[in-house]
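Participant: The lines below spell out each chain.
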Amino acid sequence: MSETAAPISAPEAGVGWSARVARVASAMRQTTLPVLGVLAALLLIWTLACIPMNAAQSVLDASRAGETVSPEAASERRGMSGLALALRNPGPATAHAYSQDRPRLPAPHQVAGALWQSTATVSPTSAQSLIHHGWVTLSATLLGFAIGAGLGIALAVGIVHFRVMEMSVMPWAIVSQTVPIIAIAPMIVVVLYAIGIEGILPKAVIAAYLSFFPVVVGMSKGFRSPDAMQLDLLRTYGASRPQTFWKLRLPASAPYLFASLKIAVAAALIGTIVAELPSGAQAGFGARLLAGSYYGQTVQIWAALFAAAILAAGLVGLIGGLERRALARMGMRP
Amino acid sequence: MSAPDTEGAVVTARNLDLTFQTSDGPVHALKDVSLSVEPGEFVSFIGPSGCGKTTFLRCVAGLEEPTGGTLEVNGMSADEARRARAYGYVFQAAGLYPWRTIGGNIRLPLEIMGYPEEEKARRVRETLELVDLGGFEKKFPWQLSGGMQQRASIARALSFDADLLLMDEPFGALDEIVRDRLNEELLSLWARTGKTMLFVTHSIPEAVYLSTKIVVMSPRPGRISDVIDSPLPKERPLDIRDSREFIDIAHRVREGLRAGMEAA
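Residue numbers (our numbering), protein chains in the order written: chain A, 1 to 334; chain B, 1001 to 1264.
Source of the hints: derived by calculation from the structure; they are not laboratory data. Just to be clear, a hint being listed does not mean it is correct.
In silico lysine-lysine, PhoX-like type, Cα no more than 25 Å apart, as pairs [unchecked claim]:
(1) A:LYS247 / B:LYS1213
(2) B:LYS1195 / B:LYS1234
(3) B:LYS1234 / B:LYS1213
(4) B:LYS1139 / B:LYS1120
(5) B:LYS1138 / A:LYS247
(6) B:LYS1031 / B:LYS1213
(7) B:LYS1120 / B:LYS1195
(8) A:LYS262 / A:LYS221
(9) B:LYS1234 / A:LYS247
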């Protein structure tokens, strides 16, 4: 045995290169393959769905190009479902499904192309750029999220310390979330405009309106998570209420904080986009969605939707990263 | 104020009563409990579940309010004693904060009581040595065994050097072997520090091995059925448990427990 060889009891001792390859391969089988499998299945369903969804236009295109379609009369085709059309004309429906200008359901490659085209090939400051729209939405989202999270935490602190606040504030917080945001957003915009507030703030207020609630609920639970024994322990030290809060309730609530923030940031993004819909906004994902639906630009709508989803995933992922770092520093078991 | 026979006592209870109002009606947790504990004594409370031994300890700690009788701790009311930080309390579960290191957990009471920085560091180091956990200051609780966690929680109760230590079944969740060793260590700790100990247990050997005074309690309503002053010497090797005296005291404790059960 050479001197550099690991002792036989060391981890991985005696594990050769091929065994390691086998282990990596098995890890891939266990995680990567299922993830890719689900992704592939979704893309397949999406791609297949394009055929019946776009069949009416496909068959029309085919008949204009001189191909034989059934039924031949456009008036007969009008009342038929996309599925029936696709089944009666499988060839034309498939051939013309993926290259339409305004498809009912754009194909994955069309959406990907539009995403690429509107991020990489245009100036980030142009009105065509999703980066431009993304930044407009993101800035209002972040401001609203900060207001909402701050308000949520403050309310939770009050609720935990004053029983009367739980009874007086909590019902209104719940009622606020039962009102459809799409109904209340224009009113907030109008009311704020009437008192001279416009620009980013009305959108941020609507984002905050949606995002404070998960934080209030999560953090009132988190601040109450210490058990009776841990509270008794601090009483034996004669700890004051502020000391109990800073030394026990706050650190104990950390896992709840990050869970609430993840929900809150996604809610803030939705709130901002909804706020951009009725307010005549010129920029932002909401404005982009609205413009796309005015002009029947389905590819543009889908590209904006995907951009919003990617942004939301990024924000949630960012908070997840913060969570892992914070909890690791707090000594949580890895 | 206090009667002559309790002059200088650490804990004096006279005709203590405590009734909890529950949804099933009142529960008589303590009835007519009178007891006096002198400085430096090691007093064990033993009895079946529901006999009020933990409730009595919580009354001494000011965590429960008696509904009748008088209770003095260090010549004050229990609540005043609590606010004067007169005692350290060890719970049945170690209850270390998982987000603090062992050192950080022992530092917790010192932070709350506002000790200066270098004093905190010194006391953390010293109490860790006292419970034989030197070198574990930077470990997190989950990295320690149950017995070590309970030692850390004892260190936490000792760190601010109160003269009275209240322990509520601290070794109840540990296995027999670890419990034996911690019992031995607790005795040597008691001998070195000279603190007054109030110790709740439901193990007869543990109570007899540790105590200078054994308080036998019985349930429904919780009351004292016997108080035994132990004739065992202060120096107690583990094999003292095979001696005639030890077995006699254990027998008397068992008799007391049985009598209490029959009366109930």
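Participant: Hints the structure violates: just list their numbers, smallest first.
Facilitator: Per hint list: 1 and 9 violated.
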